[in-house]
Structure formats: C-alpha cells, structure tokens
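> Residue 170 in full-length UniProt numbering is what sits at position 170 of the sequence shown, and the numbering runs on without skipping anything.
Any given hint might turn out to be false.
Stated by the list, open to error - 20 Å max Cα-Cα, derived EDC-like pairs, lysine to aspartate or glutamate:
#1 K320 <-> E284
#2 K320 <-> D305
#3 K320 <-> E360
#4 K274 <-> E185
#5 K328 <-> D307
#6 K328 <-> D305
#7 K320 <-> E288
#8 K450 <-> E354
#9 K328 <-> D467
#10 K119 <-> E48
#11 K320 <-> D362
#12 K413 <-> E398
#13 K274 <-> E284
#14 K413 <-> D362
#15 K450 <-> E422
#16 K320 <-> E301
#17 K320 <-> D467
#18 K320 <-> D307
#19 K274 <-> E186
#20 K320 <-> E422
#21 K450 <-> E405
Unchecked claim - Pair ranges (Cβ atoms, derived):
#22 A439 <-> A374: 35 to 41 Å
#23 L187 <-> D362: 48 to 54 Å
#24 V198 <-> S334: 48 to 54 Å
#25 L157 <-> C29: 51 to 57 Å
#26 A358 <-> R452: 21 to 27 Å
#27 R428 <-> H408: 23 to 29 Å
#28 H408 <-> R291: 30 to 36 Å
#29 H408 <-> S130: 54 to 60 Å
#30 S316 <-> A176: 28 to 34 Å
#31 R39 <-> A451: 57 to 63 Å
#32 D307 <-> L440: 38 to 44 Å
#33 E203 <-> G272: 34 to 40 Å
#34 L440 <-> S325: 31 to 37 Å
These are computed hints drawn from the structure, not numbers from a lab.
Ideal Cβ placement from N, Cα and C applies to all residues, glycine included.
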Amino acid sequence: MEAPGAALALAPWCPLCLQPLSEPAALPCGHVSCLSCLRAPDRHGCPECRAQDRGSPAPPRSPKLSGVVETDEAGTVPSAGGRSDAGEPNSDRHQGATAAAGPSLRTGSTSLPDAAGPKFRLASQITELSVRLEAADGALRTERRREAAAAAANGRLTEEARGLAERLAELTRGYALRLQRLLGEELGPGEAAGAARVARASEVAERLRRALLRAEALLTEDDEAAFGDELRTLGPHIGELLAAPAGDEGEDGEDGEDGDHVEPELDRARAGPKLEEMNADFRERSGEIQRSLRNALNPSEVTFDLDTAHPNLLLSGDLKTVTFSAAKQPYPPSPRRFANFLQVLSAQSFHQGEHRWAVELDGAPWVFGACHAAALARSGLPSALESSRGSWCLMWFENLLTAFERGHAVPLKRTSVACRLEVRLSFRTHRLSFYNVSALSGTTHLYTFKARLSAPVHLAYRMMAGDPRGRVTVH
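Input sequences plus hints: build the corresponding full structure.
Right, dumping it as structure tokens:
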C-alpha cells in the first residue's frame with residue numbers, strides 16, 4: 001500500500017483551501033481549483049497567475065480531474081491537518097479550510113504544503129517580479145521623457161544664449177566700425193594737410209637739388225662762352241630759389257625727441273559729443289542684450305524700467321532699487337512714463353513658468369503687484385495702479401492691507417509690519433500669491449489672486465507718499 005506521504009504528494013491540491021481538489025473546475029487561464037472555493041465571494045482572480053475573471057460565468061468543471069479526485073477520495077489521502085476527511089462533506093470541508101486559512105490563503109499569496117510550495121512561491125515571485133518590472137518600465141519611460149525634455153530645454157537655452165552672444169559681438173563690431181569712421185572724419189583733414197605739406201617740401205627740395213647740381217657742374221666749365229651762356233640762364237633761377245621763403249624748414253630741421261613729437265590734429269570739441277552719443281547708444285543696446293541674456297539664464301530676473309519711472313523716482317545703478325527724490329530727474333521724454341503717480345513698472349514681462357521674488361519695502365505706504373502694461377494709463381486718475389482693470393496688487397496704507405483685483409478692493413487685515421514680501425507667480429496654476437516674511441513669525445500667507453492671465457504681465461510699484469525714506473528693492 002502506498003505511504004500516506006506519497007499519496008499526499010501525488011494528490012491534486014486546491015491552491016485556495018490547501019485541500020485535495022473537490023469538484024475541480026478550470027479557470028479561463030487554465031489553472032484548476034475547487035468549484036466551491038472559486039465561488040467564494042472574496043475571490044478576485046486566479047490564485048496562481050492572478051488573472052482577473054470576476055466578470056466571467058461560473059468556472060466549468062474539469063471531468064478529467066474529477067476522476068482523479070474521486071479515486072483519491074476513495075483511497076486514504078489525508079487532509080492537510082493529518083486526519084481523514086472521509087466522513088466530512090467535500091464542500092463543507094473545503095469551505096471550512098478556506099475560511100480557516102485566512103485572507104492570505106484565500107487569495108493564493110501563501111505557499112502550499114511542502115510538495116507544491118516551491119511552485120507556488122515561484123509563481124508568487126514571478127507575479128511580483130512582473131509588477132515590479134512594469135513599474136520599472138514606467139519609471140524608465142518617465143526618466144527618458146524627462147531626459148529628452150531637459151535636453152530640448154538645454155538646447156533651446158544654449159541656442160538663445162549663442163544668439164544673444166552673436167548679437168553682442170555684432171554690436172561690438174558695429175561700434176568699432178563707427179569709431180573708425182568717426183576718427184577718419186576727424187583726422188582725415190589733418191592728414192590731408194600734412195600730406196600736402198610733405199609734397200610742397202619735396203618739390204622745393206627737388207628744385208634746390210637740381211639747381212645745386214647745375215651750379216656745381218658749371219664751376220667745372222673751361223669754355224668761357226659756354227660758362228657765360230649757362231650762367232645767364234642759371235643765375236636768375238638760383239636767385240629765385242634763394243629769394244623764396246624758407247617756410248617751416250627751421251622747425252622741421254630741428255633734431256631730437258621734441259622735434260619728432262606731433263599731437264593728433266583732432267577737434268575735440270566736435271569729436272567729443274559724437275563719441276559720447278556713440279557710447280550712449282552702445283551702452284543702451286549692449287545693456288538690453290545683457291539683460292536678455294540674464295533673463296534667459298534666470299527667467300525671474302527683474303529690473304525696473306527707467307522709461308516708465310515717474311520723474312520723482314530715482315533708480316539705482318543696477319535698476320533693482322527705487323527711492324524718492326524731491327528733485328525731478330532729467331529723464332528723457334517717453335510716452336510710457338507715469339506723469340501723475342509715483343509709479344514704475346518692471347522692464348521684464350512674464351507670460352509663462354513659475355516665478356518667485358523677494359520684495360523689500362520701506363518708509364512709505366505702497367502698492368505692489370502685477371499688471372498688463374498696455375491696460376494701465378500713464379496719466380490721470382485711471383493711471384493709479386490699484387484702480388486699473390488690468391492689475392492685481394496689494395496696498396498697505398494706514399496699517400491696513402487691501403487687495404485690489406482688476407480695480408475691486410478686498411480689505412484684508414490691519415498690520416503695522418509689512419516691509420518684506422515674497423511674491424509668487426504661477427502660470428501653471430494661474431495664481432499670484434503674496435506672503436509676509438518676518439524674522440519672528442516666518443512666512444505668512446497674505447492673499448492669492450486666481451486669474452487666467454491672457455497677456456504678459458509686468459511687476460508694478462506705486463509709492464503712496466513722497467517720503468524721502470521711501471524705497472523698494474526687488475530680488
């Protein structure tokens with residue numbers, strides 16, 4: 001008679017209840033389990049391959065395995081607990097074993113007895129490896145997309161920087177050519193006059209040389225008649241040469257370093273203004289290119305626009321700080337300059353990306369925010385920043401914070417400390433947020449505007465009172 005252990009090893013086992021198969025049924029994936037176990041309400045798929053089949057009809061019975069099971073049940077195949085189940089109904093036995101095994105066994109996540117355990121463990125590991133491989137493939141695809149996006153962004157930045165550098169080099173070459181033309185125009189007349197003097201001196205020297213040679217040759221003439229004839233011709237010519245003024249021979253004939261030193265013949269009173277005009281144009285255009293380069297490397301770079309500043313606002317050399325000036329500044333006329341309110345816009349506009357700025361405000365009540373520059377008037381009451389239909393800003397006046405959204409006021413709270421702000425602009429979330437920054441309380445949210453910005457926006461500042469201590473700095 002076959003040993004119980006051998007019979008146990010050869011008997012078909014259910015992977016759910018860990019008992020010999022009872023009424024075996026085949027799943028669509030080809031694996032077999034007890035029909036009663038497959039009908040359990042908490043089953044969600046094949047316990048071996050995890051294939052989902054909840055939406056399929058009841059699993060068909062397996063006639064081939066049914067005969068094997070009947071043969072095994074007629075013999076003495078022990079249960080997993082080591083006792084015979086001959087007197088126990090099959091369905092109750094399997095359901096009881098499945099319930100006793102717990103959720104982990106009902107879902108097929110625990111190994112079978114020793115004979116079938118390695119296969120089940122391997123199948124479980126294969127399933128886990130498949131899941132992890134799918135996750136790793138997804139992560140790999142994500143990283144490749146990020147790599148491609150980063151390479152494309154880097155390429156665009158490199159190309160933009162190269163283009164700006166070429167513009168700067170072309171501007172420098174143009175400046176050099178203009179400088180050469182200017183020097184040619186200013187020094188050309190002097191050089192022409194010098195060349196004329198050289199030509200005249202050369203002619204005089206040549207005439208004197210020829211006369212000297214003729215006179216020396218005449219001295220050696222032995223024929224008195226020939227001598228007299230030649231002298232009558234040469235004498236007046238020599239007299240004419242000797243009677244001519246010496247010109248600059250005395251100065252030119254001096255030796256030494258001082259005699260060789262000559263100052264350029266340049267009309268500085270006329271050339272100076274022309275050169276300064278060239279320099280101003282070069283500074284303006286090169287500064288624009290350099291700012292564009294800074295903006296390319298730092299999209300959140302901000303400087304204030306001198307052409308929009310009210311004449312009583314004074315800008316620092318780096319254009320990042322604005323202070324009040326009691327004396328009007330001699331700014332050049334500009335149709336973009338504010339005439340009635342102490343206001344100024346940023347030179348840069350923003351239309352995409354994520355931006356963050358630190359703003360320091362001191363000495364005077366203020367309005368700070370963002371606006372559509374084209375929608376903001378430059379004179380009259382409509383030019384006030386907070387009243388514009390195209391602005392989103394905060395006002396701090398008489399210790400009261402007020403938010404202005406497209407000209408509508410929203411009182412916030414009273415505060416005596418509002419000297420440092422953090423401003424965040426997100427075109428991804430369409431939000432403009434303001435935070436108060438304090439060394440004691442840290443960063444505190446003040447207000448967030450939710451606006452779909454349809455056009456580029458500029459940062460904007462208004463000084464509410466002409467206080468000499470009033471100033472704003474943007475980093």
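> Does each hint hold? Answer for all of them.
Evaluation of the provided hints:
no.: 1; hint: K320 <-> E284; result: holds (17 Å)
no.: 2; hint: K320 <-> D305; result: holds (9 Å)
no.: 3; hint: K320 <-> E360; result: holds (11 Å)
no.: 4; hint: K274 <-> E185; result: holds (11 Å)
no.: 5; hint: K328 <-> D307; result: holds (14 Å)
no.: 6; hint: K328 <-> D305; result: holds (17 Å)
no.: 7; hint: K320 <-> E288; result: holds (15 Å)
no.: 8; hint: K450 <-> E354; result: holds (15 Å)
no.: 9; hint: K328 <-> D467; result: holds (14 Å)
no.: 10; hint: K119 <-> E48; result: holds (9 Å)
no.: 11; hint: K320 <-> D362; result: holds (14 Å)
no.: 12; hint: K413 <-> E398; result: holds (11 Å)
no.: 13; hint: K274 <-> E284; result: holds (16 Å)
no.: 14; hint: K413 <-> D362; result: holds (19 Å)
no.: 15; hint: K450 <-> E422; result: holds (17 Å)
no.: 16; hint: K320 <-> E301; result: holds (10 Å)
no.: 17; hint: K320 <-> D467; result: holds (19 Å)
no.: 18; hint: K320 <-> D307; result: holds (14 Å)
no.: 19; hint: K274 <-> E186; result: holds (10 Å)
no.: 20; hint: K320 <-> E422; result: holds (16 Å)
no.: 21; hint: K450 <-> E405; result: holds (9 Å)
no.: 22; hint: A439 <-> A374: 35 to 41 Å; result: holds (39 Å)
no.: 23; hint: L187 <-> D362: 48 to 54 Å; result: holds (53 Å)
no.: 24; hint: V198 <-> S334: 48 to 54 Å; result: holds (52 Å)
no.: 25; hint: L157 <-> C29: 51 to 57 Å; result: holds (52 Å)
no.: 26; hint: A358 <-> R452: 21 to 27 Å; result: holds (26 Å)
no.: 27; hint: R428 <-> H408: 23 to 29 Å; result: holds (25 Å)
no.: 28; hint: H408 <-> R291: 30 to 36 Å; result: holds (34 Å)
no.: 29; hint: H408 <-> S130: 54 to 60 Å; result: holds (58 Å)
no.: 30; hint: S316 <-> A176: 28 to 34 Å; result: holds (31 Å)
no.: 31; hint: R39 <-> A451: 57 to 63 Å; result: holds (58 Å)
no.: 32; hint: D307 <-> L440: 38 to 44 Å; result: holds (39 Å)
no.: 33; hint: E203 <-> G272: 34 to 40 Å; result: holds (37 Å)
no.: 34; hint: L440 <-> S325: 31 to 37 Å; result: holds (33 Å)
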